[in-house]
Every structure is written in C-alpha cells, then in structure tokens.
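Engineer: Residue strings, one per chain:
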Amino acid sequence: MRARVWAATAAVCMLAGGAFGKDVEIGAVFPMSGTNAIYGDVFKSGADLAAEHINADHMLKEPLKILYEDSQALPQPAVVAMTKLVEVKQVPYVLSAFTGVSKAISTLAQRSQTVAVNGGGVGPDLAKLGDYFWNVIPLANLEVRAMVPYLAKHGMKKVALVYVDDPLGQSILDELNANLPKVDGKLVAELSVPTSTQNFSGIAAKVRASGADAVYIASYGAQQIQIAKQLRDNGVKAQLASYSGFSTPDALKLPQAEGLLYTTQAVNYKAGDKVTQRFLADYQKAHDGKKPSAYIVNYYNAVLLFGILAQKLEEAGKPITGANLLAERKATKSFDLVGGTVSFQDNGTLLAPIQVNKIVDGAGQPQETVDIN
Amino acid sequence: MLWLQLTLTGLQTGALYALTAVGFSLIFGATRVFHFAHGAAFVLAAYVFYWADTAGLGMIPGIVLAALAAMAFGVAMDRLVYAPIQRHEGSFFTVFVASFGIGIVVENVVGMVFGRSFVTIDSTLSQSRELMEGVYVAPLAWIAIACAAVFFAALQLFLRRTHTGMALRALADSPELIRVFGLDPRRLSSIAFALGSALVVPGAVMTALGSGLNPALGHHVMLISLAATIVGGIGSIGGALVAGFVLGLAENLALIAFPSQWSEAVTFAILFLVIILRPAGLFGRATAH
Amino acid sequence: MEAYLLNLGVLVSIYAILAVTLNFIMGYAGIFSLAHAVFFGVGAYVGAQMAMHVSASLFVTIPAAMVVAALLSLALALPALRVRGEYFVAASLGLQMLAITVFSEWKGATGGIGGLVGIPAVRMFGEDIYRPAAFFPLAAAVAVLVLIVTRLLVHSSFGRSLTAIRDSESAAESFGKNIALIKTISVVVSAALAAVAGVLYANYLSFINVESFTLNTSVLVMAMVIIGGTGTALGPVVGAALLLILPGLLSYLWFLPQTEIGAIQQIIYGLGMAVLMIFRPGGLVGRSAGARKRRKRDALKAAAGQSEARKMEGAK
Amino acid sequence: MTAQVTEATLAKADPSEEVLLEIRGLEKSFGGVRAVSDVSMDLRAGIVTTLVGPNGAGKTTFFNLITGHLARSGGTVRWLGRDIGGMKPYRIARLGIARTFQDLRLFNDMTVEENILTVMEPGALPFSVSGPSAKEKREKVARVMERTGLADKARTRAVDLAYAERKFLSMARIMAAEARLWLLDEPASGLDPNSYATFLRLLREEVAAGVTVCIIEHNLDIVVGISDRIAFLDRGRLLADGDPKSVLEDPELTRIYFGDRA
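Protein chains in written order, with the numbering used here: chain A, 9 to 381; chain B, -16 to 272; chain C, 582 to 897; chain D, 44 to 305.
Please note: incorrect hints may appear among the correct ones.
Each pair of labels, with its calculated beta carbon distance range [claimed, not checked]:
no. : chain 1 : residue 1 : chain 2 : residue 2 : range
1   : B       : I43       : A       : V191      : 35 to 41 Å
2   : C       : F706      : A       : A331      : 25 to 31 Å
3   : A       : A135      : C       : R704      : 26 to 32 Å
4   : C       : M633      : D       : T199      : 50 to 56 Å
Reference listing, derived: stretches of chain C covered by chain B, where coverage requires no fewer than 3 residues with Cβ under 8 Å from a Cβ of chain B [what the hints assert, rightly or not]:
no. : region
5   : 631 to 644
6   : 676 to 684
7   : 796 to 806
Just so you know, these hints were derived from the structure itself, not from any lab. Note that the structure is predicted; figures quoted are calculated from it, not measured. Where a beta carbon is used, it is the ideal one built from N, C-alpha and C, also for glycine.
Work out the full structure, taking the sequences as your base and the hints as a guide.
Structural biologist: Put into structure tokens, the structure is as follows:
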C-alpha cells in the first residue's frame, strides 16, 4: 500500500509538469466555491468578455487565455492558487478579488514581481499593498464620501450601520464616523455581525429602536441580501443604503431591496466612446439585454488594461513581464477603458467618479454622480 | 420594548433550533451516531421546498417533498454510510469524519444545482405586523412556535405510547434487549434517522420563507443542534427542546449587552461550561463516561 | 514547476507537523480533539507578533509560540480529564468556536478578520528565507524533527503509559499511572509542537488571519490523520501529502468546467473522506485486513469491557 | 514505585503476619442499593484469602473500594495503619496494592513485552530518573515472560493472544508490578486443566516469595487448594470469615452459595 501511495505521488509530479501553452496567459484568483462563489461567476463574465474582444481584435500576437484558480474568497487557498499561478504558470498578471484574499497574495505578487489587479475588493487598505498591486476599482472610503452627502441632502441624517466585522466593514464604520458630522449627521447605531451570521431579526429590532432615518449595510454576497430582507421583514422602514458590493444580480432583484440606495463607480454608458459601446452591446447581447454591474466593468477593464499594456510591450519588442507591465503603466498617462478615459494614482489605484444608484424595479437607476478627489 | 421584541425573536429562532436539535438528539440518543450531516438534511429539505415553490407546486406538496427528501437522505446515510462503517470498526470518529465529508458534498452539490448565492421565497408570512408600539412579529413566528409545540408533543406521544417508540428509546441502552424482544436494531436505527431527519423540515421550510437560504446554511444549524443536544443532555429529547429555545433566546437577548459577533461565542461558552461542570447536561441522566 | 512542488512541499511539511502532533494525542492518548487549529493559530499569531516586534529569529519565535500554546492547551486538558468520547469532541468543538471568535475580535493581537499583514520572513545566516526553494528544506527539517520527537516520546516509557491509558484507563490507574498528569502532558506537548507549525506558516505566507484556523482546518487535519492511519508513524504525513496534493491535481483535469472546479474539488474531498472511512477506516498506512478482523473481535470485547467500566465509573 | 516498594520488599521477610490492610465497617450503596454493607476484615501478610459468594454478592465492588476505583459510602480502609480512603487509585497502587480484572483489561494495542514493561514505569516522564535501570527492567520482563510461558510471544500484541495467554499476560503484569498485596479477580476462570496447573504453580511460587493474595474465585479446587482463609460475601454482607474447612462445611452458606447458582 505504501508503495502505491508513493507511486500516486510520483504521478502527481509528472502531471504537474505538463500544460505549458503557447498562449499569452494571465491568471485569476476568484472564489469559485463557497458562499461567495456568486462573485466568481460575475467577475469571470467580465474578464472573459474582454479576453474575447482582445482575441477578436488580434491585439496580441498569440491568443490571450485566462487561467482561473479557486480562492474560495479565503486567504489560504488563495495563496496556494497564487503560488501555482506565479511559480508554475509564471503568469505576469493576476486578477484578484476580495480584500482578505488580495492582502494575502500581495506579498507573493511583490516578491515575484507579478502584477495583481483587484477589481472587486474595496477595503481601503488595498491602496497600500505595494507597486505590484493595482486597483481598477475606487475603494470604499470614496463610496461613503459620496453617499453621506446624498443622504443628508434628502433629509436623512440619523444613520444606523450594520456591518460585517472585517477590514471592509471597519473602514466603512470609520468613514461614516468621519463624514457624518460634516453634514450635521449622526451615527445612531453601529451593529457589527460576524461573517457567518444568517439571522438578523435581533439586529433589526435594535435598528428600529435606534430611530435611524437610514440604514447603511456593509457586507457581502448572501449575507447582505439576508440583512436587507430581514430588516424589511422585521419592520424596519428606514431608507436602506449600501456600497458597490450590493450590485450583484440577485441582490438587485430582491423584492425587499426595492428603493435601496447604493454607490458604484460611475460608468458613463452614454459615453459615445467605442470601447464602452462595444462592451455594452456585446454584454447585453449575451445576457438578454441585462445591464452589466460595476464588477463586470471592472474586470473587463482589468483584462483590457493588460491587453493595452501587453500590446505596447510587444510593439516595443519587450517581453511581457510584471516589471515591464508596471513600468509601462507608469509611463502611460491615461487609458481608454469602459466608462471613459481614466488615470491611475501613484499608489496604483484608479480614480473614478462615484455614482449613487437606486434600485427601481429590480435594477439600479443612477441618481447622481459625485466627483471625489 | 427592546427586550420584549428580542424575547419574541428569540423564541422564533429558538423554535427552529429546538426542532432541529430534537431531531439530532433523537438520532444520536438512539444510535450514538454523531450525525454531522444533519445540517445537510436541513439544507436539502429547504432547497427541495424552494425548488417546489419555484416550480409552482404549492406549499403543501413542497413540504411533503421536502420531508421525503430529508427522510430519504437520513435513511440513506444510515444504510449506505454508517451501517458499513459500523460493520467493521465503527469508531465514533470514523463515523464523524464520514458524516462531515458528506456534509461538504451536499453543500457543494446543492450549490451547483441551485446556485451558491442566497435564495428566498417571497411570502407575506415573513412580513412582520406591529403587535404593539415598537414590537413587530411575523406570522411565521407564531407558526414556528406552534410547530415546535405540536411536533414535539406528537413525537413524545409516539415515543411513549407506541411499541416502536418505546423500542427506540431503549435502543441506545441495550441493543441486545431489542433483539430479544424480536425487533431489528437496524430497522429501528433507520426509523430513528427517518424521524430525526423529518424534524428538520419545519425549520428548513420556515428558514426558506423567513431569513432565506444559501448552501452553507447547514453548518450553523448543525453546530447549534449539537450544542443544544449536549447542553440539554444526551438522550434527553425534552432537554434538547428546552436547550434549543434557550440558545435561541440567548443569541438574541445577548444583543442587549454585547455586540452581535459575541453571540455565537456565548452559545459555545455555554456548551463548554456545561461539559466541564455538568457533563450530563441540564436534563440528562446519563453520565459522561 | 519546481517552485510549485517546493511550495507544495512547504505546505505539506507544515500540515504534516499538525497531523503528526494531532496523531500524538489521537492515536496514542485517545484524545480526539477538534480544536487542533486553535494551537496552530496561537502559534501563528504569537510567532507573527514576535517576528514583527521582537525578532524574526526562529530561536525567539518558536519558543515563545510553544510556551503560549502550552499554557493555553490546559483549557483543552481540562475537559480531556473529565469527559470522554462524544462529550470531549463537543467540548473541543466549543473551544474551537470560542477561539474563532477571539481570533476575529481581539484586534490588537490578531488584526481581526483583516489579519496580520507583512510578517517578516525568517532570518537565518543573514538571509531572508521565504522562497520555496529555501523555505522547503527548513520546513521539512522542522517537520522531521517534530516527527522524531514524537516517535521518541511514543517509544519511551511515557508513550507506553499513554497507550496503556488509551487501552484501559482503569488498568493503567491500577498500576500506578497518574492519568491526569500524563494526559495533561500529552495535550501540552501536542499543542506546543502544533504551535511550531503555526510559526512556520506565518513566516512563510507573511499573512495570517482567522480563516486559516477555523473548524474546517481542525477537521482537515483530523481527516489527514484518519485517512493516513491513526496511531501509525507515517500515516499522518501521507494523509497530509494526499489531502494537499489532490485538490491541485484536480485542476489539471481539463474537461472540468473551470467555474465549477472549486465545487468539484470540495465534492471529491468530501466524498473521499466518506469513502475512505467506509472502505479503509484504518487509514492508508493502517494495518492489514487480517489484523483488522482481529481488531474487530477485540473491539467487541473491549466494548464489553468498556461498558462494564462505564458502569463502574459512572457510579462515582 | 521506588521508596515504598523497597520498603514493602523488605517487609516481606517479616514473619509476624502483620496486618497489611485493615478494613472496618466498609459500606457502598448505589442509589439506595447496598452493594457492600458493613464489611470488616484484616488482610495479613503472607495469607491467601479467597472471597467467595454468589454472583452479585459485591466481591468486585469490594475490590474497587480498596483500589479507589469506587468511592466508599462509609467505613475505613487502612494500609499499614494509614488511611487510604479517598486516595486516587494510582496513589493506592503505588503503595503496593495491585489487582487484575475479571475482563483482564490488557493494553490491547501494546505487545506482551510492552504490557509488562509499562507497569514497571510510573510513566509521567519520558525517561526515568530513579528506580531500576533499563537493563534491569528488560531482564525482569524477560524473567516474567519466561515464567508465564509468554517468552515466544514477546512481540505479539495483546489483542492477538489466545484466551489462556491473555490470562497469563494479566498475571505477568501483576508479577512485574512489585506489589505487596495482590487482588485477583477470577484469574483462573475458563482455563484448561494444563494452563490451570501452571497458574496454580505460579501463584504458589509468588505466595512463597512473600506476596499476599486476596482472590475472587468460584472454582472450589482453588478455594480449597490454596486458600488459608475464606471470606463469604452475600448481598454485600460478610457472612463468614475463617479457615476454609469451617466455612465450606457450614450448611447455611452452602445453601446460599449453591442455591443461588443452581
């Protein structure tokens, strides 16, 4: 038996050796299983569409291929997946998501000079993960700065916060505490919930007791939907508000979420530029005319960004490596991506306007766009 | 008013915990199988009900199908997983690991079939009405509490009045005796699994209607059931019921004093202390050794 | 490719330490703990804090982590002395769940869910050791050392006492074995050695948070021990290697849809656990089938003896 | 193991038949049922006492009360004049009282050799700081295995032994333990005549070497063949305590004994 086990191990080693392709390969560390797997599906649809367009346009000499690895939205599997991508596949560019995952893989990215690009996590810490960690998504602190004045303007100054107890939730708490006083507002209740909690009727009772005008929900995936539903079911009538994490299809179509306000990166679909129009048209063609969420835009942009940078490197006759991609990004002032022309801050984070959306008939309706500086 | 509201919410939560815990306790008490996949039965029943609803089959057929699915799962686990393990070695841990493994399988299969995100059934039953100033109660809360009472009473009646029920109670103590009385312990064990698994159905259906479902739900349900079974005292069905309510109330009333992330810790601190200080549980007679 | 295998080797080494130390109490003391990840975590956090604020030398981080884990393990020793079987499992489960809350709420020490970022690499011979090629020999050496220590213990008079207690507590007691002391020492040793794995883990990944130390980790390590073979020398190591290699292997099955691969991995992992328990409960490195039959006969006898013992002791 | 045992070993030579164990008014009840009721008895050095009585008479309970496996409800137990009631079983064992079990309770997963070796080690430390050296211990293990006929089974696990071998391993363990008082719970039950003869010879040798034995036995051959004294227990009460002849010839006791068993 022991011999058989070692034989199996040897077979593993052999197997692991194969699979070097001729394609240009980039990696993605997305949740494909577990409670947050829904995000993986969403992110992937954006990234795949961009790869399709890049290949259709023959932007690169060889076809682009995205290698997906499962992170389960957890740091440890993510590190294993990331190691595989950078050490075995030796990809120069990895798509990342989720604040915890991104933080976990950032050291690997830095050490191996591989660019990691986040288009989903919005924890403000993500701006501080080094040169090789980029964000194509405005981080949550910006979103709160847009939402608070909007609420105040509409007479909602007493805000209750229901937040998941992690870096994202913490940072939203900090931002609310910092920004509400500026508009004469007040945080009347701060209720943190563990990541695994599913039942919020008790929380709802406390929200009601706080007499808030608006309730800000800061969580993810299944949990944020459950919070919204259970708040409404348990007699909370105050305005609901959230951040870009709420822009998943199943959150938007929740009946109890009707009327909820949430912020996203402003994507100006009416912009006449070709990139945006083509993205919108092709996405809607593939998805029964549905409007893409900001995440889909972000990961489309992340892949498109790679395409643009890699194309330039190929033209200059340089190899596509993480270091060269970084240098090229720093040398380029602005990029034409979906939603318009954007530029990166020095810390590798995209600056973009934020818009406040309202859920009307199960879809987000933009209310107002705020420029944040 | 907050405490009254939280008490009512606590009772509703507790009712769901209580029945699920009674199911686990029944199985564990009778067969000594640490049926960790009990949470999976919960998820399965809830999703079958959800599927029946989306297919437009209606509430009652949905409940019946959910019950059938849960029972079939329980019996299948007993016959296909636990029985073969018990035939050779049957150490307690071997059973536990197998059960845990199946729990993972069910969670992921459900995720693949129904999607991994949150689903809910829209129903007016989950929408609260104002009972008095500042106190909201959903019709579902009353249904949950009534269900707990009715199902528990029916179970007690079965266990005390019927031949099979009495045999089930005796099964854990003396399988030999059961054989002497001409009953088949294997068959009894399957009955325990069928009954215990059926008891997840009220909780599963009400969760589908109330707080909503996702495939990872089973884990929490299982841990609470386990805690309730031990706190209530292994082998004490009534103890599990009471402990289920106690844990539901504790979870909600703890909100008055603590931030909510400590509420799970409260549950397990209670569990840990009970095992150290009173291993037989609050209502148990059996000793821990 | 090489780096990938080396990386895998590092993880296997770290988990092998966990599996070997868990096997020490599971296989030889009969203490089935579902809280092993707690001591893994304690070691990781203490190691990380020491490395960040005191010194990144293993000669500082490892002893510190071991001492703290050893002290905290008394919380596990307490129920181990009072209750057995399912009660102890439940108690250890309770401890595991409590620890998760503490890991995620005691932000000053653990960084909460956000975790500790930027843990320095191990410094040895004036070099930072973090690349798989450098770290693997280190991790493997530590794992071998832990394996040797536990083997020596198992084959010492202490190990015999431990096994004697596992096989029959009342008989061991009747021959002068101080059960409380021996069991406590075994738990303390196991926890302290598990903490070593935590230190390596924190240094290697440079990032830790509570998600690496949850109930799932405890169950994973337990599965490694059981699948490999409880109470065998190499079983836990084989179990650790197998459970860490398998998921990676699956991603090479090209015909699986990429988005479902995570779920399929989980399903195969779960099924594997169940199927192995059904068909090979003694583990891969377990005894032959013939020996198992004898074991079964004996298990029946022992069960009869146990129930007698239970009656006797229950009346205390 | 060290100091007391040495003391005990020295005391073996004492011919005065001192009282090793003094039991006075020993009581044990399980939830109202009296398992042992007001039993007083002296176990004297060098004397073989046999406990007889019908099943359920409280004989094993009596042992468990002495070894500390059960807490008494009343009465005193003194070892060499020192009250040992309420002491933990392992401390009592270290005073020099060893026992066997009716269901043997061997260390099943350990080899024969290890089974014997481990009873010679207190075992809380991985190495021994005092007591006999490793070589001495090995020699003693070899001697004990030789005498119990287990020499060629040294590396066999206890689980894999035949029935009689298991019985002898149980004896071997107690022989290695260096105890002064042996409490044997039906050590000969189910033995074939051959093994039985070996067993008797072993027991006689040990008694001759100074071991004091208290033995629970149904087999009248043993009772008569080796006992210096018989104690008759029924329903927890000590009905008779005297030389074998007088006890066995008491018609009342015979009626209780055989009546119950028939």
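Engineer: Looking at the structure, which of the earlier hints fail to hold?
Structural biologist: The structure breaks hints 1, 5; every other hint is satisfied.
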